Amino acid sequence: MMASLGPLAPLTPLVRDSALVWLASGVVGVSFGAIAVAGGLPVWVPVVMSLIVYAGSAQFSAVGVLLAGGGPVAAATTGLLLNTRTLAFGLAVADIIGRGRIARLLGAHLVTDETVAFALAQPDPARRRAAFWISGIGLFAVWNLGVLAGALAGGALGDTATYGLDAAFPAVLVALVLPALREGPAVRRSALLGAGLALALTPAVPAGVPVLVALAGLTVYGRGGGRRTA
Amino acid sequence: MSATVAMMLALAVGTYAFRLVGPVLHGRVELPARVQELLSAGAIVLLVALLATGALTEAGGFAGWARPAGVLVAGVLAWRGAPFPVVVLGAAGATAVLRAVGVA
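Protein sequences appear in the order of chains A and B.
The first sequence runs 1 to 230 under full-length UniProt numbering.
The second sequence runs 1 to 104 under full-length UniProt numbering.
It is worth saying that the hints were derived from the structure and are not from the lab.
Nothing here was measured: the structure is a model prediction, and the numbers come from that model.
Hints may be right or wrong, so weigh each one.
Just so you have them, the derived chain A footprint on chain B, three or more residues with Cβ under 8 angstroms [as the list claims (entries may be wrong)]: (1) 14-28; (2) 39-51; (3) 79-93.
A virtual CB, placed ideally from N, CA and C, is assigned to each residue, including glycine.
Work out the full structure, taking the sequences as your base and the hints as a guide.
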């Protein structure tokens, strides 16, 4: 997918692939801003929340709980539970982010499902770092602009499910994790077991828990067979 | 409204703290290669669980047929080596078409 022709050539497909995720995220951001304002929150709430929390699923859940009358404690707890996975992601991409103080502080805020998937899908350390920062900075900009636009413009987009946008994000992850799954039998069986556990638990436990339980899939990782897993 | 502000701050600070653990520890705590390998594998396991639950479920229940069908299209396209934009737009397009013809 990402042929290497020279020092800069690999960046072109990277930006192209990232741009598609930025576009889709921007549209989801618009819908987040619109939903929050339509539910009765002032414009600055979704806008500030997106800047300082910067985690789509947690933002939707927290605002959803708030608008459903669940109260601020339940809203924060739900969002935090969903975001516990960023701890595991942060550990996994720490060496990609780098060691400078600024890099650590800024890079940490850019750790999302999409940027981690993009970074880990690259074949070498230089491109992993480029992928993390390019996809991460772009995603941050587009997500927040989208939320602002949605908060100001309201429900102009209508129901984004009409465009199949809800299928786009799982599809992004499919495209990015497939190479790792194809190459590594150990990571494949771990991921299958983990996904099975997560799906089985989803109806029964709070949002955020199933994905964490999926890590139990690593119990069948074994010795890993010496394969590169990401 | 101050309760909303407190909720946002708690969520922001907690989330940032989760995210910061890895980057702060990096280079200060030396992780064995085996642990580093498991962390990378764990990230893939998390992403696959996210895509599975994201493709099949919505608010704790079944998401309907249109979305997983679209994601299945993405899987087939990706398996056959289609470019990334084709995979993602193929999924959204398939789901949108299914919904347009009345498949939820």
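Hints versus structure:
Coverage of the segment 14-28 of chain B by chain A holds [criterion: at least 3 residues with CB-CB distance below 8 angstroms; count 13]. Only residues whose C-beta sits within less than 8 angstroms of a C-beta in chain A count toward coverage, and the segment 39-51 of chain B has 13 of them, enough to reach three; the restraint holds. Counting residues of the segment 79-93 of chain B whose CB lies closer than 8 angstroms to any CB of chain A gives 12, so the stated coverage by that chain holds, three being the minimum.
The earlier numbered hints are all upheld by this structure, with none contradicted.
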